[in-house]
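Chemist: Fit chain B to the known structure of chain A by using the hints.
Heads up: the sequence lines are chains A and B, in that order. The first sequence: position 160 = 160 (our numbering), numbered continuously. The second sequence: position 201 = 201 (our numbering), numbered continuously.
No lab work stands behind these hints, which were simulated from the structure alone. All values derive from a computational prediction rather than experimental measurement. There could be a bad hint or two in this list.
Partner residues aside, some chain B positions facing chain A, computed with beta carbon under 7 Å [unchecked claim]: (1) Asn11; (2) Leu50; (3) Lys72.
All C-beta atoms, glycine included, are put in the ideal place defined by N, C-alpha and C.
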Amino acid sequence: MEIEDKVLVNRCLDGDGEAYAELVEKYYKIIFRLSQKILRDYDNAEEITQAVFVKAYENLNTYNPKFKFFSWLYRITINETLNFSKKNNCTKEIDENITSEDDNPDEIYNQTELGEKIQEALMELDMLYRIPVVLKHFLNYSYKELSDLLDIPEKTVKSRLFTGRQLLKDILIKKNVLQDD
Amino acid sequence: MIEKKYIELINKDIDREITPKEKAILEEYLNSNSEAKNLYEELCTTESFLDKLPDKDPTVNLKKNILNSIDKNRYSKVKKYSPKKGIVQQIIFQTKYKIAFSFTLGIIAGLLIYAYFFTNPHAINNNDIYGTIGLNNAEMIESIPVKTLNILGKVNIKRADNNLRLDFDLNSPEQYDLTLKYNTDKVKFENISLSNKNKIKLDAENSLIKLSDSGIHKYQMLFSLKNEVPVNFNLQISRTGNKVFEQEITIKE
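Only chain A is shown next, with the shape it has when bound in the complex (with noise of 0.2 Å):
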């Protein structure tokens, strides 16, 4: 797969529009929802993807393929996401409508009730944290991968999942999707 997508690259640098929009067929679609995730806002995310893509093929021609293509493009999203969300200050969009407090925390949620209220936990978390544990669970990405692709340092890595990970455990909790025991 990963060849693929470098004998596209050439092709497209070799002149065949039609090369780059294979790419963009494969990946569109991840690259949408890895932003919407981020920034829980569907018109945002769609703005972003453009931005992507349209980066990604003016940039062609700087893409090193000793790296995956996917991961130069993940990195070209991140970039696009933080740049987005400190013009917008998207690090805490709170539905007031839809915080928890139910008397009944056992109650159970509908799958779109929750997904929403997990949304929006994820959107209580800092870009800082939000990022990595979103591509850690979405990518599957190591350690190393993500330390590669956010040009940060493997500790610092680890640092912000875990930091991450228990901040959202605490906004769960705070919001009575989580139980705490």
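Modeler: Quick look at chain B alone, frame taken from chain A:
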């Protein structure tokens, strides 16, 4: 209180980064520490909750919008016409300019060829033997008087650039023969202007002009120089076969 190293092992286990040896150590610890076990279970549940995040799909237009945002010819190897480029690039790359340019070039080439081969300020006009042969900016070089038996007159020699015109002004009541010899390596006979065509006999051959006439007449003979001067002419006037006048004419400059 949970030791920091075990918190690390718990997270490594959740991240699937734990080694078998570490796993064994962690399990032993969890079995003996309820607080740690509780934390482990909470963190596992937290992690599993991430699977419940809604997995939304983008709109159907997103891919199309992405592809419309990029310049598919950015990495094209083919030379592109750029409207911002100058007139030279426009002529090279645009067909309509190429055609117009070629047509104009052809017209100009045709005009130049016509001008070179078919127009010459000094060309021979063989049909026009009447009237004065025009010679712009001509300078009088020499005037040769002719005075012999009943033949009076003069020969003026004029030059303009590489052209020589011999103006004969002769008067004789009797028939005479005029012969003008010249070196064809040096000059080329171009034209003659006769005041009365019908009354003379003209015989112009290579290196020799002969005419027979009588009465008052003027002639103009035009020559073009092939080489630099000096150029020599030999003028003879005869009557009834007898030479009555001869003059060597040398044009030096």
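Chemist: Does each hint hold? Answer for all of them.
Modeler: Hints and how they fare:
no. : hint  : result
1   : Asn11 : holds (4 Å)
2   : Leu50 : holds (5 Å)
3   : Lys72 : holds (3 Å)
When held up to the earlier numbered hints, the structure conflicts with none and fits them all.
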